[in-house]
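Just need the whole structure built from these sequences, with the hints factored in.
In order, the protein sequence lines correspond to chains L and Y.
Using numbering that gives the first Met the number 0, you'd call the opening residue of the first sequence number 0 and step up by one each time.
Using numbering that gives the first Met the number 0, you'd call the opening residue of the second sequence number 0 and step up by one each time.
Since the hints were derived computationally from the structure, they do not count as laboratory data.
You may find that some hints are simply not true.
Within a straight-line C-alpha distance of at most 25 Å, the following computed DSS-like cross-link-like pairs (lysine-lysine) qualify [said to hold, decoys possible]:
#1 Y:K12 x L:K5
#2 L:K47 x L:K5
#3 L:K12 x L:K62
#4 L:K5 x L:K21
#5 L:K12 x Y:K12
#6 L:K47 x L:K76
#7 L:K76 x Y:K44
#8 L:K62 x Y:K12
#9 L:K62 x Y:K58
#10 Y:K58 x L:K21
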Amino acid sequence: MSDVQKFIDETVKGNDVVLFMKGTPQFPQCGFSGQVVQILDYLGVTYKGVNVLADDEIRNGIKQYANWPTIPQLYVKGEFVGGCDIVREMFQNGELSTHMQDAGVPVSQPG
Amino acid sequence: MAMDSAEIERLIKQALPDAKIEIRDLAGDGDHYAATVISEQFRGKTRVQQHQLVYAALKGQMGGQLHALALQTVAPE
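Below, the structure written as structure tokens:
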């Protein structure tokens with residue numbers, strides 16, 4: 000495993016909820032990343048944001064890591080949950096909140 | 000860089016011949032699309048796996064030449 004893949008793997012497995020995104024949770028630099036930030040903030044989930052624009056190796060590496068060509072990417076308990084479309088769909092039908100709770104991640108706003 | 004919606008449809012059809020595909024050009028700039036894809040091949044797969052099938056069909060264009068494709072994947076009723 001290359002250094003960057005190792006870094007990604009450790010980040011994903013070492014934090015309950017990780018969002019690889021463009022920009023930061025405070026200042027998203029892409030509308031798709033911003034949507035996922037809004038959803039996580041709405042649910043009141045604590046998460047780690049990784050800004051892929053700050054590091055080209057991570058930006059490319061994360062696409063290989065999940066075999067997923069786009070950013071944002073949401074991971075819960077080490078597992079890839081999806082990109083913006085999937086996260087939005089799961090949020091809208093209440094699945095995301097259930098998924099977090101099932102994984103043992105506290106949610107302040109169920110549903 | 001932009002990509003024609005007919006080209007997107009052609010690539011998806013090539014990989015998923017039974018697919019029913021509806022593509023909308025969201026911004027009219029040939030770069031931001033929304034697609035609904037219905038295929039028997041999605042049955043029993045997770046959403047991540049379903050989207051991966053479509054991305055694989057697009058042969059690396061997604062995230063490159065094609066900036067934004069909002070995807071919804073469904074198995075037929």
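Hints, one by one, checked against the model:
1. Y:K12 x L:K5: 36 Å, violated
2. L:K47 x L:K5: 17 Å, holds
3. L:K12 x L:K62: 17 Å, holds
4. L:K5 x L:K21: Roughly 20 Å between the alpha carbons, so the hint for K5 (chain L) and K21 (chain L) holds.
5. L:K12 x Y:K12: With a Cα-Cα distance of about 37 Å, the restraint between K12 (chain L) and K12 (chain Y) is violated, given a limit of 25 Å.
6. L:K47 x L:K76: Distance ~12 Å between K47 (chain L) and K76 (chain L) Cα, so the pair holds.
7. L:K76 x Y:K44: Given pair K76 (chain L), K44 (chain Y) holds - Cα atoms ~20 Å apart, limit 25 Å.
8. L:K62 x Y:K12: Given that 25 Å is the threshold and the Cα spacing comes to 24 Å, the pair holds.
9. L:K62 x Y:K58: Within the cut-off at roughly 14 Å; holds.
10. Y:K58 x L:K21: Given that 25 Å is the threshold and the Cα spacing comes to 23 Å, the pair holds.
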